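Mapping of the sequence shown onto our numbering: position 1 corresponds to residue 295, and the numbering continues sequentially without gaps.
Don't read these hints as lab results, they were simulated from the structure. Source: prediction; values computed, not measured. There could be a bad hint or two in this list.
Unchecked claim - Only pairs whose alpha carbons sit at most 25 Å apart, straight line, appear in this in silico DSS-like list of lysine-lysine: (1) K376 with K514; (2) K390 with K435; (3) K376 with K340; (4) K376 with K512; (5) K512 with K435; (6) K512 with K533; (7) K435 with K340; (8) K299 with K340.
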Amino acid sequence: MLSGKVFITGGSGTLGRAIIERATTEDWPCQITAFNRSEYLQALLKQDYPHVSCIPGDVRDFHRLRAAMSGHDTVLHLAAMKRIPECEQYPDECWKTNVHGSQNVVDAALLNGATICLGISTDKACQPVTMYGASKLAMEKIFQAQPGDGCQFVLVRYGNVIESRGSVIPLWRAQDEAGEPLSITNRAMTRFWLTPGQAVDAVLLALRHIHGAIIVPKMKAMPITDMARAVVGGDPDFKVIGLRSVERVHEWLVSPDELAHEMDAHYLLGGHGEFGHSYRSDTAPVLSMDEFCAMLEEVGVNG
């Protein structure tokens, strides 16, 4: 659990809300401040969790960020540009938020005397081929480059979080209801999946580790065709629309070129690890249909 004063950038997003929900349900001894640039999402968050402090602002604005963060012990940096098409089309905007914004978070945490600062990364940062992935790799390097005197910097790297907003699930259901084939990019594609609750578990695990560590949970993966079958049921027809130029068939969470130490349920990257470990979505443990349906039920996007 978290204690003390907790500052969450991007606090009204999917993971931020999941952390706040867990903290509220389990009565964690902490005071949470959600900092992000969407006043609409903050208003919705405040309706559900009136005890949470909400401060509008952007991680690009260092002075606003530093002032808002003042007095907090723990910083969770969740804010980011995440949509790959927009990051590819506007790489400068992606860089300003995901790299310059992350540097601002680091500097503000150090100047404000925070004791720990956690950053959220992505499987796209492993051998990146997209602007989004490259920006997240840069964020990882920024966090790991800090001296660790006073404030400890740690990271979590994981794959896709099941959620309704921005998901392909509503599209598939609409196509199924219209009697149309389901759009997929490649029949062989596989992807890692976890629920917001599992992402919270990964965050709590990382907060118990040493400065500079990147925690990579051993997520399960699923073929895109099986995922579609779980969403609409039965054996639907598919329309293969082709990969985007920056899209992979399979994703990596750990590359053989990274120093990694294998644990029971996760990898620890950096430090005194070994080269040669690999964790890919096409060779990872497979999510069963029942497991994936249970995950959909958990987040309320099934049926």
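A quick look at each hint next to the structure:
1. K376 with K514: Roughly 21 Å separates the two Cα atoms, so the pair holds.
2. K390 with K435: holds, 16 Å
3. K376 with K340: holds, 24 Å
4. K376 with K512: Holds, at roughly 22 Å.
5. K512 with K435: holds, 22 Å
6. K512 with K533: This hinted pair is violated, its Cα atoms lying about 31 Å apart.
7. K435 with K340: violated, 34 Å
8. K299 with K340: holds, 17 Å
When held up to the earlier numbered hints, the structure conflicts with 6 and 7 and fits the remainder.
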